[in-house]
Every structure is written in C-alpha cells, then in structure tokens.
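There are 2 protein chains.
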Amino acid sequence: METVSERPDPRIRSAGPGDAEEIARLLHDFNTEYEEPTPGPKFIAERVAELLGGGETKVLLAGDPPAGLAVLRFRRSLWSPGLECYLAELYVAPDRRGQGLGRALMDAVIDLARAEGADYIDLNTAVEDRAARSLYESLGFDNRGGHPDDPGAANLYYELEL
Amino acid sequence: METVSERPDPRIRSAGPGDAEEIARLLHDFNTEYEEPTPGPKFIAERVAELLGGGETKVLLAGDPPAGLAVLRFRRSLWSPGLECYLAELYVAPDRRGQGLGRALMDAVIDLARAEGADYIDLNTAVEDRAARSLYESLGFDNRGGHPDDPGAANLYYELEL
Chain A
260 METVSERPDP RIRSAGPGDA EEIARLLHDF NTEYEEPTPG PKFIAERVAE
310 LLGGGETKVL LAGDPPAGLA VLRFRRSLWS PGLECYLAEL YVAPDRRGQG
360 LGRALMDAVI DLARAEGADY IDLNTAVEDR AARSLYESLG FDNRGGHPDD
410 PGAANLYYEL EL
Chain B
260 METVSERPDP RIRSAGPGDA EEIARLLHDF NTEYEEPTPG PKFIAERVAE
310 LLGGGETKVL LAGDPPAGLA VLRFRRSLWS PGLECYLAEL YVAPDRRGQG
360 LGRALMDAVI DLARAEGADY IDLNTAVEDR AARSLYESLG FDNRGGHPDD
410 PGAANLYYEL EL
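Respectively, the protein sequence lines represent chains A and B.
Sequential numbering from 260 applies to the first sequence in this note's numbering.
Sequential numbering from 260 applies to the second sequence in this note's numbering.
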C-alpha cells in the first residue's frame, strides 16, 4: 500500500527479551496516564519477557531511550493459512508526542504484520480518541466491516469483565 | 454474575476434534449467509481440527445435530496472570433462531471463559446488528471502555486488510 513508508524510520526497532524492563516502564506509564489499573513494572516486565520468548507477541520500540511502543499479538487464522494480528497497545510518552513517533510505529506495525504473514491487523479505540482514529484511518484502517458507504455499519468493540 | 444461568443448558456442549466437519459446515454457512468470503468447508475443517488440538481455541456447539456455535480464542494476558478470551464467532442457523440457542451459547461462553481463567471476553459487532448487541448488552458486555456514563466513549473496532 502507498500509505506505508518506503524507508524504515531509524527511530523504530524490534524489541528483544532484554528490553522487557523498558517495555514494562512504558506500559506502566501508559496505564497510569489513562487511569487504567496496572500490575506494576515488575510484573509487566516478567510477563513481557515470557511473551516475547513465546513468539506470538512482538513489540516495536520508538526512540532511544524508548519513548513509545507498539505491542502486537499474533494467532493462527480460522479462515486462511495466515495469521491474525491484534494491535494490543500503542503508546508514545507525552513529552515526545507531535514528532511522528506514533505514525512511524504504525508504519512499522504494518510492515511487521505483513512480514509475519498476517492477513489483517485489528485494534480497538474509543470514539473520542480523535488523534488515534485519525492516524488509523489515514493508514487505511476501517471500522465499517467492509461496508464503506454505510455509516450505520461501523463496528463496535465490546468487552465483558469476568 | 447473576446474568449467567445457574444450570447449564443441555443443548450446549463442548466440541472435540471429531466435530471439525460439523463446525466447518456451520462456519461456511455463516459466511455464506453474510456474504463474507469463505475458503470452503474442507479447508475450514482441517484448520478447526488443528486449532482445537492446539488448546487455545475452544468451540461450543448448540443443538443435535449442531445448529449453532461459538468460537473462543484464548491467549495469555499482558496485564495479569490470566488469559484473554476473544469471542471470534457466534452463529445460529436461520431455521433455529428464536429458540434461545444464541443466549444459551453465550451463557456457556461466559462459563467456559471463567473456567479457563480468562479475565475478560471481548468481541466485535456491527452497529446495525441490534439483535446481537441486545444479547451482548443483556449479559453485561460494555462498549464504553469502562466509561458507562459517557456516550462518547463507545469503543470502535478497527481493522486493516494487509
């Protein structure tokens, strides 16, 4: 697609297991900023290290030291030989916003998902998060379930706490 | 939760690998009915058998012979020791609608997700699918991201084809 940058942004790199503490710090800051519960950096770092080792989770980091990240979760598709890719988290630290790190991360997310053999990327976002929606829509993300001309067809994301 | 039936509905059972062909038939019918692409029952049956064997995919069947199903995908949470549960598919054949099979499946979905150790169930649905939304909402599913008093906070589900 034309929306993907042709040259990788040098500020973006794939995380390895040694990045678990930096990733955990960013994820903890993310949830703290948005007043979501967080189990704390230590728990998150241990879990991230496990998930990165398992192969179905990939993390992209932006900046040095890292000031933003994207967390991708892959699984085998029910409908094709390929994979499904869920963009679980996308975050840029407040003092680094407005420098294109979010867009650079998203370009790298799309490149990585393609390289891994994903058929699509899905994600969810809130109606009022206009900056995120604008970024996703500019890259071709669609919330109308393949019905671009039907404004009533937007997909809602539902969740039930157990 | 009070919304879950106390007695399991005898019409619902967990699928095993031997059910792959029945599951594939229903999934193929599902996509055909909604004019979505389908790779055909043979491909789907092979894939379902593999996924059921892998342990992260569970299928519930309704009726005998099966006339409805729910497909659940589990993965380890980033934020807790538990699992995340994605309700990937929910379907009842047209000639068996209105008999409570969808609700019975959803009750069993919630019971199974809890039993497997999931922290939550998520899913997506279209704005115009009022029957599905009504069912999900009656069971406590929320599309407002934890902001029940803010009508602007509904979560949209985005997808990018690759």
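Treat the hints with caution; some may be incorrect.
No copy is singled out in the list; a pair is fine if it fits within one copy or between any two copies.
[Said to hold, decoys possible] List time: in silico DMTMM-like cross-link candidates among lysine to aspartate or glutamate, alpha-carbon distance up to 20 angstroms:
| # | residue 1 | residue 2 |
| --- | --- | --- |
| 1 | K301 | D370 |
| 2 | K317 | E418 |
| 3 | K317 | D409 |
| 4 | K317 | E420 |
| 5 | K301 | D354 |
Quick caveat, the hints were computed from the structure, so don't treat them as lab data.
Hint-by-hint comparison with the structure:
1. K301 - D370: Neither way: K301 and D370 sit 30 angstroms apart in one copy and 31 angstroms across, limit 20 angstroms.
2. K317 - E418: Cα proximity of K317 and E418: across copies only (18 angstroms, versus 23 angstroms in one copy).
3. K317 - D409: neither (34 angstroms within a copy, 33 angstroms between copies)
4. K317 - E420: Cα proximity of K317 and E420: across copies only (19 angstroms, versus 25 angstroms in one copy).
5. K301 - D354: Neither. Shortest intra-copy (23 angstroms) and inter-copy (53 angstroms) distances fail the 20 angstroms Cα cut-off.
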